[in-house]
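Chemist: Take a look at the letters that make up each chain.
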Amino acid sequence: MGNHILLHSVLGSLNLSVKLILIIVPLMISYEFLENSKIFKKILNFLYLFIKPMGFSKNASISMLTGIFLGITYGSGILIAQSSKNRITKLDAALTAIFLSMCHAVIEDTLIFVAIGGNGAYMLITRIIIATLITYILYKYMSSKISQR
Amino acid sequence: MNKAQIKTNLNNGFKNGFSVSFKLIKTIIPFYIAIDLLNHTRFAKVLGDTLSPFMSIFGLSGKMSLAIISGYLVNLYAAIAVLIPLHPDWKEVTIVGLMTGIAHNLVVEGAILHKTGMNAFLTISIRIAVSIFAGISLNLLFKVIYG
Numbered sequence: 001m002g003n004h005i006l007l008h009s010v011l012g013s014l015n016l017s018v019k020l021i022l023i024i025v026p027l028m029i030s031y032e033f034l035e036n037s038k039i040f041k042k043i044l045n046f047l048y049l050f051i052k053p054m055g056f057s058k059n060a061s062i063s064m065l066t067g068i069f070l071g072i073t074y075g076s077g078i079l080i081a082q083s084s085k086n087r088i089t090k091l092d093a094a095l096t097a098i099f100l101s102m103c104h105a106v107i108e109d110t111l112i113f114v115a116i117g118g119n120g121a122y123m124l125i126t127r128i129i130i131a132t133l134i135t136y137i138l139y140k141y142m143s144s145k146i147s148q149r
Numbered sequence: 001m002n003k004a005q006i007k008t009n010l011n012n013g014f015k016n017g018f019s020v021s022f023k024l025i026k027t028i029i030p031f032y033i034a035i036d037l038l039n040h041t042r043f044a045k046v047l048g049d050t051l052s053p054f055m056s057i058f059g060l061s062g063k064m065s066l067a068i069i070s071g072y073l074v075n076l077y078a079a080i081a082v083l084i085p086l087h088p089d090w091k092e093v094t095i096v097g098l099m100t101g102i103a104h105n106l107v108v109e110g111a112i113l114h115k116t117g118m119n120a121f122l123t124i125s126i127r128i129a130v131s132i133f134a135g136i137s138l139n140l141l142f143k144v145i146y147g
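If you read the sequences in order, they're chains A and B. For the first sequence, our numbering assigns the number 1 to the initial residue and increments by one for each residue that follows. For the second sequence, our numbering assigns the number 1 to the initial residue and increments by one for each residue that follows.
These are computed hints drawn from the structure, not numbers from a lab. There's no promise every hint is true.
Derived coverage of chain A by chain B (criterion: at least 3 residues anywhere in the stretch with Cβ under 8 Å from a Cβ of chain B; other residues may be distant) [what the hints assert, rightly or not]:
id, region
1, 24-37
2, 100-109
3, 127-133
Sample of chain B residues lacking proximity to chain A, with all beta carbon distances greater than 10 Å (derived) [stated by the list, open to error]:
id, residue
4, Asn12
5, Phe43
6, Ala44
7, Thr50
8, Ser65
9, Leu141
For each residue, glycine too, the CB sits at the ideal point set by N, CA and C.
Take the sequences, apply the hints, and build the full model.
Modeler: The following block contains the structure:
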């Protein structure tokens, strides 16, 4: 009986693994085509329209966009490099770190949950809206603190 | 788009797809088996029953708290591995995906963010609080839209 349950679990986990490969590989190929298409640059420009009101400069937007699409390690790598060269302000760096902490590698994160049956639009849109809101509140709070000094 | 570009895209897509899949599978197999076995024990039932009033604010079952905790501490792959044997519906997958999407791998990523000058304790607290807020909000939205 015990063996039967274990076998069932092992088969279940292998079955899930195969399903995930079959779903994720085509999704990643499609994303690769999107990333190298002309539309993608338009999407990036479109995104900058949204992060500008949150207090981000054009310089910070590079680490933002890298972090959002590629992940926290790459995003904060660029962020560290830019702040050590004094290319961005402390406020910029703090806002980028806060936003990226909640919202990074969004494509991969969303796709793996879509692969197991989740709704990608709800996950992605809610995550971006909430991260934007929190960053905006912090921006307002921090900039009022700076101006008080 | 020329032929060379198409070939590069296919190549990179395959590579990324398999690398993501293998990362996923390495975590999923042990976690999935552990949770599926745990699921047959009394402990899982007691834990699920204890946590179910708290988890209902997210529209999740008590046992799904394990998926959230695994996501917070380990990563999204662990969260998925724990979630699947519990047979979630699409709304539950979406809510767990949102909550663990916002807050996951907290210790490691907290350390990475710490290097950018942001206090790790602060980013971890903010992420957990925001993830709970997001879970409650999306559950309310689902109740309004789908009843």
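Chemist: Confirm or reject each hint.
Modeler: Okay, the hints, checked on the actual structure:
no., hint, in the structure
1, 24-37, "holds (count 12)"
2, 100-109, "holds (count 7)"
3, 127-133, "holds (count 3)"
4, Asn12, "violated, 5 Å"
5, Phe43, "holds, 15 Å"
6, Ala44, "holds, 13 Å"
7, Thr50, "holds, 24 Å"
8, Ser65, "holds, 17 Å"
9, Leu141, "violated, 8 Å"
Against the hints set out earlier in the document, violations occur for numbers 4 and 9.
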